[in-house]
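S.K.: Counting the sequence shown from 1 gives a position; this note's numbering is that position plus 21.
Don't read these hints as lab results, they were simulated from the structure.
Take these hints with a grain of salt, some might be off.
Listed below are the simulated SDA-like cross-link pairs for lysine to any residue, each with C-alpha atoms no more than 20 angstroms apart in a straight line [claimed, not checked]:
#	residue 1	residue 2
1	Lys27	Thr68
2	Lys26	Ile72
3	Lys74	Leu32
Every value quoted in this text rests on a predicted model; they were computed, and no experiment measured them.
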Amino acid sequence: DALIKKAVASLPGAVLIESHAGDRQTWRSNLNFYRAHPALQTYAVPTLYEIGKKLVESEITEQSLAVFIQ
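Given only the sequences and the hints, what does the whole structure look like? Please build it.
M.R.: Dropping the structure here:
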(Lines of atoms letter the chains of each structure in order from A and count residues from 1; the text may use other names and numbers.)
(Lines give C-alpha, C1' and ligand atoms only; values in the text may rest on other atoms or scores of the structure.)
Protein backbone atom coordinates (compact mmCIF):
# COMPACT_ATOMS: atom_id res chain seq x y z
CA ASP A 1 0.00 0.00 0.00
CA ALA A 2 1.36 3.43 -0.96
CA LEU A 3 0.28 5.08 2.31
CA ILE A 4 2.11 2.49 4.40
CA LYS A 5 5.28 2.92 2.30
CA LYS A 6 5.01 6.71 2.70
CA ALA A 7 4.56 6.38 6.47
CA VAL A 8 7.55 4.04 6.77
CA ALA A 9 9.70 6.43 4.70
CA SER A 10 8.57 9.41 6.82
CA LEU A 11 9.25 7.65 10.13
CA PRO A 12 12.62 5.90 9.70
CA GLY A 13 13.08 5.26 13.43
CA ALA A 14 9.58 3.88 13.97
CA VAL A 15 8.55 0.27 14.42
CA LEU A 16 5.68 -0.92 12.24
CA ILE A 17 3.70 -3.88 13.51
CA GLU A 18 1.17 -5.08 10.98
CA SER A 19 -1.45 -7.45 12.32
CA HIS A 20 -4.52 -8.53 10.41
CA ALA A 21 -6.88 -8.99 13.32
CA GLY A 22 -10.19 -8.00 11.80
CA ASP A 23 -12.26 -4.90 12.36
CA ARG A 24 -11.87 -2.34 15.15
CA GLN A 25 -14.20 -4.18 17.54
CA THR A 26 -12.23 -7.39 17.08
CA TRP A 27 -8.90 -5.63 17.54
CA ARG A 28 -10.01 -3.77 20.66
CA SER A 29 -11.30 -6.96 22.29
CA ASN A 30 -9.07 -8.21 25.10
CA LEU A 31 -9.90 -11.74 23.95
CA ASN A 32 -8.05 -11.14 20.67
CA PHE A 33 -5.00 -13.41 20.44
CA TYR A 34 -2.65 -10.64 19.35
CA ARG A 35 -3.73 -8.34 22.18
CA ALA A 36 -3.70 -11.10 24.80
CA HIS A 37 -0.33 -12.64 23.88
CA PRO A 38 1.99 -11.97 26.86
CA ALA A 39 5.05 -11.41 24.65
CA LEU A 40 3.38 -8.53 22.85
CA GLN A 41 1.50 -6.82 25.68
CA THR A 42 -0.53 -4.75 23.25
CA TYR A 43 -3.41 -3.84 25.53
CA ALA A 44 -3.04 -0.09 25.02
CA VAL A 45 -2.25 0.11 21.30
CA PRO A 46 -4.02 3.14 19.83
CA THR A 47 -5.68 2.84 16.45
CA LEU A 48 -4.55 4.97 13.52
CA TYR A 49 -7.74 6.98 13.99
CA GLU A 50 -6.83 7.74 17.60
CA ILE A 51 -3.27 8.71 16.64
CA GLY A 52 -4.53 10.97 13.85
CA LYS A 53 -7.14 12.56 16.09
CA LYS A 54 -4.52 13.37 18.74
CA LEU A 55 -2.20 14.76 16.08
CA VAL A 56 -4.90 17.02 14.68
CA GLU A 57 -6.01 18.12 18.14
CA SER A 58 -2.43 19.00 19.07
CA GLU A 59 -2.20 21.28 16.02
CA ILE A 60 -5.48 23.12 16.66
CA THR A 61 -4.94 26.53 18.20
CA GLU A 62 -7.13 29.58 18.55
CA GLN A 63 -5.13 31.29 15.81
CA SER A 64 -5.47 28.37 13.38
CA LEU A 65 -9.24 28.26 13.98
CA ALA A 66 -9.52 32.00 13.30
CA VAL A 67 -7.67 31.59 10.00
CA PHE A 68 -9.81 28.59 9.04
CA ILE A 69 -13.11 30.36 9.79
CA GLN A 70 -12.24 33.50 7.77
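S.K.: For every hint, state whether the structure bears it out.
M.R.: Okay, the hints, checked on the actual structure:
A distance of roughly 18 angstroms separates the Cα atoms of Lys27 and Thr68; the hinted pair therefore holds under the 20 angstroms criterion. Restraint check for Lys26 and Ile72: satisfied, since their Cα atoms lie roughly 18 angstroms apart, inside the 20 angstroms limit. As the CA atoms of Lys74 and Leu32 are separated by approximately 18 angstroms, the hinted pair is consistent with the 20 angstroms bound.
Violation of the numbered hints given earlier is absent; every hint is satisfied by the structure.
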